[in-house]
Amino acid sequence: MSETTISAEAMRGHIAAGRALPLLPDGAPGPVQYAGRWWAIPADAHDYLPVTDASAAAHLDTAAQRLHQARQDARPGAERDDGARR
Amino acid sequence: MNPREFAERCLLGVLMSQPGRLAPISRWLEAEDFHSPAHGTIYAHLRAMVEAAQAEAEPGQDPASLPGVDAVSLYERIAASGELGTHELSAPRLHTLMATAPSPQQARPESYGLMVLEASIRRRVAEGGMRVEQYVEQATDVADLLRAVDNALADVDRAQQRWDSVTGLPNLTRVLEGESASAPDQPQLRSGPPVQVLLEPPDEQQVQAAEQAVVASVLSNPRLLEQLYERLLPSDFADERLATTYRSALELHARGEHIDMVTVAWEQQRHEYDYGPGITPEEMLALTEHAAGDPAYHADVVMRGAVTRLTRAAAEKVQQAAQHPGLQPGDVLHTTRMAYAAVRDTAARMYSQGSTPARLAGLSSPVPLDAALQQPDGSPPSPRRLRAVPPPEPDRGR
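Residue numbers (the numbering used here), protein chains in the order written: chain B, 1 to 86; chain P, 1 to 398.
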């Protein structure tokens, strides 16, 4: 295994330890932010590889930002900013 | 209808009733995020209408409802755009969306929107050639199988710990092997809470109706879980699908998250591989339409049914073990203890929570639990006594 490859099992360990952040709540094998970059398992592979394509990484950044905002709005007890009653 | 479809429908249904609630969601949810093109079209038009109406809104106006933004004007706008035929949109379809959604007072469109967004991102990640969890679709993965086995083993371990904490019984196998029950490092063998079996256990139809009523009540009024979560467990349900639905509601409750039909449907798909499918959104809708009765009473019936089933199953297991010539007394006692652990646990939950007073009987069990577990003077049980278990009487207690 090369230094730029991480097994799904090892990535689960990083996620569990809080060192890595999965994009989706499912965790591995989905895309994961680790060591300052995105990692993902290609559809035909079994191990994580860094996402080197700038466009794909940008898409993942955008998705993460949208999910973060959505989770903020959907979190328990979140107040609606339009002031309407729940 | 799968949970993603259900979430899309309910999101649009709520937003058509209270279009003002679209504003925060529109910051992060796009029309392209909807799996159904028709739903994406509806969302795009609704969003445009809301933005226009909010620009003209009067100060102090109820922000949840915007004048001029309703199902009729939405339909007219889509019709004028020429997109009706494209996506088979119709007035009844819009009406169905509104009818499907939980009441605006109870609904959490932000949560439904998050589900739509998650599903959308999952699709796009997969389209981008990256692997992503597909829930049930990837259930045959070996890692999933191992996880399911781990979960099952953990359940067994937790059940053992619960039994020990409720009864304080020592390991009876060790007792028979020579260790004294009164040894300093062993808890005293004592009687746990009495296991009571109702004279009139509910029949299958009554149990089924009660389980449906409990789930319907929880979906309609999730605050009931504050009273039920320690008392009624998913394992008390005879219907595995209703059990999964109830379990999903409990997990949402434990996390302090919003509970309604949409969030429960979404949650139960996450655990479908481990626990099997829950009831469908259509079934949830049908159940909650006819939800009636006292939930506490229905919960009692469910638990009585559970005790009845568990007792019969445990009795069969004990008899099989007691009549097995190859088993040592320690094995028989261990089997007995294990077989009745679930019965005693369920009964303890029934009687420790102020439930409907039960009538003593034991008619469902050919082996009274106390007799199976210990002598009247509190001493460890006799192997001979266990071997003298009489055969069960058919249909007893019915």
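Hints listed in this document are in silico derivations from the structure and should not be mistaken for laboratory results. As the structure is a prediction and not an experimental result, all values here were calculated from the model. By construction, the Cβ of each residue, glycine as well, lies at the ideal position given by its N, Cα and C atoms. Check the hints yourself; a few may be wrong.
Partial pick of chain P residues on the chain B-facing surface, computed with a CB cut under 10 Å [to be verified]:
(1) Asp33
(2) Pro37
(3) Arg77
(4) Arg108
(5) Ser111
(6) Ile121
(7) Arg122
(8) Arg124
(9) Val125
(10) Met130
(11) Val132
(12) Gly256
(13) Glu257
Report task. Let me know if the C-beta of Pro37 of chain P comes in closer than 10 Å to any C-beta of chain B, holds or violated. Result -> This interface hint is violated because 20 Å lies over the 10 Å limit.
Query raised in the report: Holds or violated: Met130 of chain P as interface residue toward chain B, Cβ cutoff 10 Å?
Result: 4 Å, holds
Query raised in the report: How about Arg77 of chain P: closest beta carbon in chain B under 10 Å, or not?
Result: 22 Å, violated
Query raised in the report: How about Val125 of chain P: closest beta carbon in chain B under 10 Å, or not?
Result: With Cβ-Cβ at 6 Å, under 10 Å, it holds.
**Report entry** Interface hint status, Glu257 of chain P versus chain B (Cβ within 10 Å)
**Finding:** Where the cut-off is 10 Å and the nearest Cβ of chain B is about 5 Å from Glu257 of chain P, the hint holds.
Query - Interface hint status, Arg122 of chain P versus chain B (Cβ within 10 Å) - result: 6 Å, holds
Query raised in the report: Regarding the hint that Arg108 of chain P lies at the interface with chain B, is the smallest CB-CB distance below 10 Å?
Result: 7 Å, holds
Query raised in the report: Are Arg124 of chain P and chain B close enough, Cβ to Cβ, to be under 10 Å, as the hint says?
Result: Holds, because the Cβ-Cβ distance from Arg124 of chain P to chain B comes to roughly 7 Å (cut-off 10 Å).
Query raised in the report: Against chain B, with CB atoms and a cut of 10 Å, does the hint on Val132 of chain P hold up?
Result: Status holds, d = 4 Å.
Query raised in the report: With 10 Å as the cut and Cβ atoms as the points, is Gly256 of chain P at the interface with chain B?
Result: Hint holds; Gly256 of chain P Cβ to chain B Cβ min 5 Å, cut 10 Å.
Query raised in the report: Are Ser111 of chain P and chain B close enough, Cβ to Cβ, to be under 10 Å, as the hint says?
Result: Where the cut-off is 10 Å and the nearest Cβ of chain B is about 4 Å from Ser111 of chain P, the hint holds.
**Report entry** Hinted contact Ile121 of chain P with chain B - closest CB pair below 10 Å
**Finding:** Ile121 of chain P check passes; min Cβ-Cβ to chain B is 5 Å, inside 10 Å.
Hint compliance for this structure: hints 2, 3 are broken, all remaining hints hold.
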